[in-house]
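Number of protein chains: 2
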Amino acid sequence: MSKKFSTNPLRGLKDFYPSDLREVNWIKGILEDIAELYCYEEFEGPLLEPIELFAAKSSEELVNEQAFVVEKKKGKRWLLRPELTPTLARMIAKKSQEIKKPIRWYSTPTCYRYERPQKGRKREFLQFNADILGEGSLYAEIEIFNICIDILTSFGATSKQFQILYNNRRFIDALCELILLIPKEKMPDIYAVLDKSDKMEENEFEKYVIDTFQDEVVVQGILKLKETESLEDLLKKFDDIPNEFYESDGYNELIKLNKFIDEVGLSDYCTFSSSIVRGLAYYTGTVFEVYDTGKENKRAIFGGGRYDDLLSLFSDEQLSGIGFGMGVLMLSLFLKTYDLIPDFIREKDYTDTIYIASVNEEVANYAIELADIIRTEDLPCIVDYKFKNLKSQLSKAGELGVLISLIVGPKEMEQDEVVIRNMKTNEQKTITTKDLIKEIYKSFDELDELDPNE
Amino acid sequence: MSKKFSTNPLRGLKDFYPSDLREVNWIKGILEDIAELYCYEEFEGPLLEPIELFAAKSSEELVNEQAFVVEKKKGKRWLLRPELTPTLARMIAKKSQEIKKPIRWYSTPTCYRYERPQKGRKREFLQFNADILGEGSLYAEIEIFNICIDILTSFGATSKQFQILYNNRRFIDALCELILLIPKEKMPDIYAVLDKSDKMEENEFEKYVIDTFQDEVVVQGILKLKETESLEDLLKKFDDIPNEFYESDGYNELIKLNKFIDEVGLSDYCTFSSSIVRGLAYYTGTVFEVYDTGKENKRAIFGGGRYDDLLSLFSDEQLSGIGFGMGVLMLSLFLKTYDLIPDFIREKDYTDTIYIASVNEEVANYAIELADIIRTEDLPCIVDYKFKNLKSQLSKAGELGVLISLIVGPKEMEQDEVVIRNMKTNEQKTITTKDLIKEIYKSFDELDELDPNE
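Protein sequences appear in the order of chains A and B.
Residues in the first sequence are numbered consecutively from 1, following the working numbering.
Residues in the second sequence are numbered consecutively from 1, following the working numbering.
What the hints contain is simulated information worked out from the structure, not anything from laboratory work.
Some hints could be false.
[Stated by the list, open to error] Derived lysine-lysine pairs resembling DSSO-like cross-links, with alpha carbons at most 30 Å apart:
1. A:Lys-101 to B:Lys-386
2. B:Lys-237 to B:Lys-184
3. B:Lys-14 to A:Lys-28
4. B:Lys-3 to A:Lys-256
5. B:Lys-72 to A:Lys-4
6. A:Lys-14 to B:Lys-236
7. B:Lys-100 to A:Lys-348
8. A:Lys-101 to B:Lys-429
9. A:Lys-74 to B:Lys-73
10. B:Lys-224 to B:Lys-184
11. A:Lys-14 to B:Lys-72
12. B:Lys-224 to B:Lys-186
13. A:Lys-336 to B:Lys-95
14. B:Lys-224 to A:Lys-76
15. A:Lys-95 to B:Lys-186
16. A:Lys-14 to B:Lys-14
17. B:Lys-4 to A:Lys-74
18. B:Lys-94 to A:Lys-396
19. A:Lys-76 to B:Lys-3
20. A:Lys-94 to B:Lys-95
21. B:Lys-224 to A:Lys-14
Working from the sequences, and respecting the hints, build out all of it.
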């Protein structure tokens, strides 16, 4: 006997058995329904892109450490996409002239990151993306926030369970430049430090900030950004704020977004948070993370932000966009925490399936013919190919949860008839094949009357 | 200015813009509907599998020439799956004890083959798969053929446009072994030669067979297998057929399948063809290819077959299965040949979308609130964020094909009202927000009456 292969998938990858996939598809279905209500159109890009595309705009970590690389030709390295946004930018840059603005697109790509598998993180993951491009005003922010809220509340989540924590990179830029006097070229480090802040203990974080910046003013400033609860409180902590700061785009965008959020009635769901900056390099304005606010699970479920320059990789066109990427697995863990995924969605529903059992093999063709008639009527149908032991065929139908079975034998075949059986009441009667469909619907009606809640 | 990246996808890969994806999703939807009518359950496996898994059972060509390989650790080579069946086998081997038989599963994975891109072949492709396992009888063959036929006829194709060409490897084995006296170990070469036969001119093929086998009896035998039209005609061409041949499993399976096909009424759609053997190594019994029979396009659209030993890679369990893999792109080319893909499915349908135009920005929040009310009713809604030039907002709605627009201005906002406009008749009236949903449905009813065919 030869050595057998493992039946496990590769580490960090997952098999989706039908019940697993039904759960994923149920979640995906709700995400897509919401996207369609906002008139977003679905698109899909290739799984492989040149590695340089991500090196240029996404993050060094993604490319250097977490990349799945394919190299078919010497020097041509392709990446299994770790995220979709660079592909989105490429596709839009290619056809920007012909696509009507604003562009509202969504997609649920499979993405890949080679990292240590852990709860909520696999090496292969579905990530729902929604983006609006070509709408520079903050109404785009409001639309995207509204989509996030509609998604989570559609599943039954409440503002007690999640919050959109938002910030603005231009605001952080202005604060760092004009109040803390940090030179512009240091900003990527500031973002990197802040992005790590929620993954560290307070002491650990303080040490990390001191090691990175050494400058006492900078360190104190960053610690303030990390701690602060409201914009007002934050600004109170700094002395000598120059007028330029209050005139900066960043400050004024943030103030305006705060105002919009209030006016549109989203303030229950949205909270300013000065420590949110996001890890990806391409964000330029609003950034946000949706947090599970439960005491035990406080963690980001997903996030996004505004990018002004992403098309610049491909063309000189300026097209600002804002969007988010939401891991379906992480979302499902959030939903499970609050018991928002009903169990029944993992089960295949056989209640509209017709099950055909046969007395013996002589009638096989007749059974198959009947199945054909039933499927033509758009009703699912199973033919049991055992062709013996009627009792065990019917008990199998019962186990599946089938409500209507048909029984055929030589006598029925000869007379163009069939026995129809109500699996709930175990009542059965002989009908003509001509009446089959009519009788099936009649049986469904009777079953409905038995249980009007079904 | 820095050098710009290309906006093209990598060679052999494809961008799916929304209209492209709508076409794919329309096709996929029909495939999945048929699978569900036969009570097949959807599953999905990981994109990456160990290269050895394909080396063992699929085909050398797939692994040696057409592989996209990822190597994260020295000596551990993972393949972007070129097909799904080995993953299916692995997943079933893992949980075989708990899954009820027969197993009916389908999936539409993205697969990868590094080959020269050509019409109907991309390096990245969607392939619909349907398999039934644990049903050893030929009724499984009939079910799979029925699914193939239902799929193609659902799109409107007829038996004049396609045929299922079927054969049986055990039959070819018996014929080669018992009539042509070819040793068993030569069979893979026989399959390889026959599988190439439809891609070659007759002369070219003859030369190729002579070069490969040299033995005159074998060469003549293979040429007969290539040419023949019916089982009867084929057998007439051989002298001295021993009794053992007529007693062989292969011969009897084929005879029985012929009989089933006749009895179940599929003979219009199915034709025996002794040259069909399929390229994949794991087939053991029935093999088939669905052909476009149009004079100009004579070519295989997709194919499949029965495999008895696929689980043996993972366990000692014997579980026979039969299934097929259908490239969605190749299918769509077939459908386009016969004009079976309606144009409208590429267009986004805005006929149930409500478009909100605003007189000025003062009413922005009110417009966004109304949109929220509408979406809660499961109606798609777009808010135009221009907030000026009402005429251009409405003409944009008209271009999209929107049938109902709402217009809001300061007066409407103040009085909790909104103007509802029928975009077909250009009639409009002021209604209260309280009546909004009722009035929207009323307008849809009026629009239906204008065009009862819609």
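Hint by hint, here is what the structure shows:
no., hint, result
1, A:Lys-101 to B:Lys-386, "holds, 11 Å"
2, B:Lys-237 to B:Lys-184, "holds, 22 Å"
3, B:Lys-14 to A:Lys-28, "holds, 23 Å"
4, B:Lys-3 to A:Lys-256, "violated, 36 Å"
5, B:Lys-72 to A:Lys-4, "holds, 23 Å"
6, A:Lys-14 to B:Lys-236, "violated, 53 Å"
7, B:Lys-100 to A:Lys-348, "holds, 13 Å"
8, A:Lys-101 to B:Lys-429, "holds, 29 Å"
9, A:Lys-74 to B:Lys-73, "holds, 19 Å"
10, B:Lys-224 to B:Lys-184, "holds, 19 Å"
11, A:Lys-14 to B:Lys-72, "holds, 18 Å"
12, B:Lys-224 to B:Lys-186, "holds, 18 Å"
13, A:Lys-336 to B:Lys-95, "holds, 25 Å"
14, B:Lys-224 to A:Lys-76, "violated, 47 Å"
15, A:Lys-95 to B:Lys-186, "violated, 54 Å"
16, A:Lys-14 to B:Lys-14, "holds, 26 Å"
17, B:Lys-4 to A:Lys-74, "holds, 22 Å"
18, B:Lys-94 to A:Lys-396, "holds, 23 Å"
19, A:Lys-76 to B:Lys-3, "holds, 17 Å"
20, A:Lys-94 to B:Lys-95, "violated, 46 Å"
21, B:Lys-224 to A:Lys-14, "violated, 48 Å"
The structure fails to meet hints 4, 6, 14, 15, 20, 21 from the earlier list, while all remaining hints are met.
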